[in-house]
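*Asks:* Here the protein sequences line up with chains B and X, keeping their order. Positions -14 to 485 (the working numbering) are the ones given, in order, by the first sequence. Positions 325 to 396 (the working numbering) are the ones given, in order, by the second sequence.
Think of the hints as simulated: they come from the structure by calculation, not from any bench. In this text the structure is predicted, and so the values were computed from the model without any measurement. Watch out, some of these pointers could steer you wrong.
[Said to hold, decoys possible] Capping the alpha-carbon separation at 25 Å, the derived lysine-lysine pairs in PhoX-like fashion look like this:
id, chain 1, residue 1, chain 2, residue 2
1, X, 383, B, 484
2, B, 391, X, 355
3, B, 460, X, 355
4, B, 33, B, 13
5, B, 316, X, 355
6, B, 349, X, 383
7, X, 383, B, 253
8, B, 459, X, 355
9, X, 383, B, 312
10, B, 13, B, 396
11, B, 484, B, 349
12, X, 383, B, 284
13, B, 410, B, 396
[Said to hold, decoys possible] Distance windows between CB atoms, simulated:
id, chain 1, residue 1, chain 2, residue 2, range
14, B, 256, X, 386, 39 to 45 Å
15, X, 386, B, 456, 45 to 51 Å
16, B, 478, X, 377, 15 to 21 Å
Note that the Cβ used here is the ideal one computed from N, Cα and C, for glycine as well.
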Amino acid sequence: MNSSYSIKIFSSQALFEALSNDYCDNIKVSQQSRANYLSSYLKDLNTKTIVIENDYTDGDYLEDFASYYVRCYRDYQRRCKRLHFFDAEFDETIFCQCIGSSRKPDIKKLLGNYQGFVVVRPLPTAIVGRTVLQTYPSDSDRRHYAVVKEYSANLFGIPLSVSSLAFQEQDTVLAACATVALWSAFHKTADLFGTSSPRPAEITRIANGVVSTTRAIPSHGLEIRQMAYAIRSVGLEPELIQASPNVPLVSLAYSYLKMGLPTILGVKIEGRGMHALTLAGYSERKNRINQQEVASGEKSIPLVGLRIDELYAHDDQIGPFSRLVIKPSSKDYPVLLEGSWQDSQTKKILTLQPIFLLVPVYNKIRVTFLDILKWLERMGPLLSLLLTQPQDIEWDVFITTNNMMKDSINKEPFPVDDLKRLLVKQNPRFIWRAILRINSQPLLEFFADGTDMERSFPFYELVWHNVDFHEACKKVLDDNRLTNILIELLEQVFYNFLKN
Amino acid sequence: MPTVQHQQKDATEQLTEQFSTNSDSRVRLRKVESSIAESELRLRVEEVSTRITRLEDAKNVTQELWESVISV
Chain B
-14 MNSSYSIKIF
-4 SSQALFEALS
6 NDYCDNIKVS
16 QQSRANYLSS
26 YLKDLNTKTI
36 VIENDYTDGD
46 YLEDFASYYV
56 RCYRDYQRRC
66 KRLHFFDAEF
76 DETIFCQCIG
86 SSRKPDIKKL
96 LGNYQGFVVV
106 RPLPTAIVGR
116 TVLQTYPSDS
126 DRRHYAVVKE
136 YSANLFGIPL
146 SVSSLAFQEQ
156 DTVLAACATV
166 ALWSAFHKTA
176 DLFGTSSPRP
186 AEITRIANGV
196 VSTTRAIPSH
206 GLEIRQMAYA
216 IRSVGLEPEL
226 IQASPNVPLV
236 SLAYSYLKMG
246 LPTILGVKIE
256 GRGMHALTLA
266 GYSERKNRIN
276 QQEVASGEKS
286 IPLVGLRIDE
296 LYAHDDQIGP
306 FSRLVIKPSS
316 KDYPVLLEGS
326 WQDSQTKKIL
336 TLQPIFLLVP
346 VYNKIRVTFL
356 DILKWLERMG
366 PLLSLLLTQP
376 QDIEWDVFIT
386 TNNMMKDSIN
396 KEPFPVDDLK
406 RLLVKQNPRF
416 IWRAILRINS
426 QPLLEFFADG
436 TDMERSFPFY
446 ELVWHNVDFH
456 EACKKVLDDN
466 RLTNILIELL
476 EQVFYNFLKN
Chain X
325 MPTVQHQQKD
335 ATEQLTEQFS
345 TNSDSRVRLR
355 KVESSIAESE
365 LRLRVEEVST
375 RITRLEDAKN
385 VTQELWESVI
395 SV
């Protein structure tokens, strides 16, 4: 038996024991919702074995320790435990074969697939530290976890890696939910844009540097403007969108998530207050699930969001990749959401009312989803005129990069001439793609310059995917008797663009 | 308004469907007659304009929201 590590066959009890410490025994751990969420999550991943690294120095916790816990009278420890999860059952004898062997062992064959790790903080509460866990399987391309990156872990010389997004629970000392949501988001933006990824204590400090109406530490929350300041401090711009009744919220979130841009969702929880979560993925169905994604009495063009039935969020009070089910719109909110929040007395599921989306974007992303939507709205009447079933159309609007776009169109069924033109062309670094489909068939597609300005005409490329639709559209656009009304509807610049 | 609505109903009845000759037969196109098309489009101009204005309004974030505390 080695004191540096121990190996346990996975069970809820084994997990709770592994998560326990001197201040929080396994009974207390078993009463914590995050521990129970992790247990269920790992069961779903079919975890078989836990390797407990008993003496682990975690950078995030160390910063928290140095910023706060070291100055407490109580003698908090500076080191953590780290739990590693595998989907194969093995014992110490097999594990030992993977450490320091002169022959290169087949790690995957011996230990199975690596499913990630949980850092266990030596604290009375908030024991779940930096957590990096594998996502659920895609379920036939339904679940999409775009906001993930590769994390590597070195376990006694064994190189391990997992694709995920870091999670941790708030300690309400150095980080409340807003700080933790930003911390998770910055992990991914660092990967996307090469920006910095400060630790929670640093984020709280920076956020309180601009304006502070309460004491910064212990931290019980942040104002949105403080979150915005923290975003600017890492070299990004805060794109804040209020969840107004007429904003198609799910499609808006999707438009950023598809590229892998983490999106912070602010919600009001019945009887509790405002809470922030980091969106990391979505569930996209083949058919429409919701009739609309704007409040009742409002209208929007049909978008992909109508086929999205769940969002996946890092909720620091629930767990990583927690499910938010999209519920029909109400009078005041574009949609409502239901997750795992319950009334502690009645156990009734609490509804989450979306209030805002906050996206940390690269400064060159200037044109927004709503800017694109305004132009697409103009197409509605023209499409109703041309198609026998205009109710079946769907706009797929999302931001992407030049390189991602080129990779993508190379794999898509794309008109050959257009494909070649777009591949060799100098494109903007950030591009909004707006694809019009009917019954999954693409009809046309706009490419918009994401680096331009709000008031300019954003589209710079148009691809006609369907020849007959193009012909029909051309006929209408060329009809002199319709020129005036079309210009009134589309504006001269859009009319010219479509015509040429 | 009643005149236009009546005209639109007649127009819809008159419209004949033509199936696309493209490999995908699910794209069904209407045969457009310009006299009717003009009135159909005109009926929608105001609605589109209103929706665009409201989307522009939605971009204005209130000071109250900026100062909201996220604390749960």
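*Asks:* Now tell me if each hint is right for this structure.
*Replies:* Cross-check of the supplied hints:
1. 383(X) <-> 484(B): violated (30 Å)
2. 391(B) <-> 355(X): Answer violated: residue 391(B) to residue 355(X) is near 36 Å, above 25 Å.
3. 460(B) <-> 355(X): Holds: residue 460(B) and residue 355(X) sit about 10 Å apart, inside 25 Å.
4. 33(B) <-> 13(B): holds (24 Å)
5. 316(B) <-> 355(X): violated (38 Å)
6. 349(B) <-> 383(X): holds (18 Å)
7. 383(X) <-> 253(B): holds (20 Å)
8. 459(B) <-> 355(X): At roughly 13 Å apart (the allowed maximum being 25 Å), residue 355(X) and residue 459(B) satisfy the hint.
9. 383(X) <-> 312(B): holds (24 Å)
10. 13(B) <-> 396(B): Violated, at roughly 51 Å.
11. 484(B) <-> 349(B): violated (29 Å)
12. 383(X) <-> 284(B): Cα-Cα ~17 Å, so holds.
13. 410(B) <-> 396(B): holds (17 Å)
14. 256(B) <-> 386(X): 39 to 45 Å: About 23 Å separates the Cβ atoms of residue 256(B) and residue 386(X), which means 39 to 45 Å is violated.
15. 386(X) <-> 456(B): 45 to 51 Å: holds (47 Å)
16. 478(B) <-> 377(X): 15 to 21 Å: Cβ of residue 478(B) to Cβ of residue 377(X): about 18 Å, so the range 15 to 21 Å holds.
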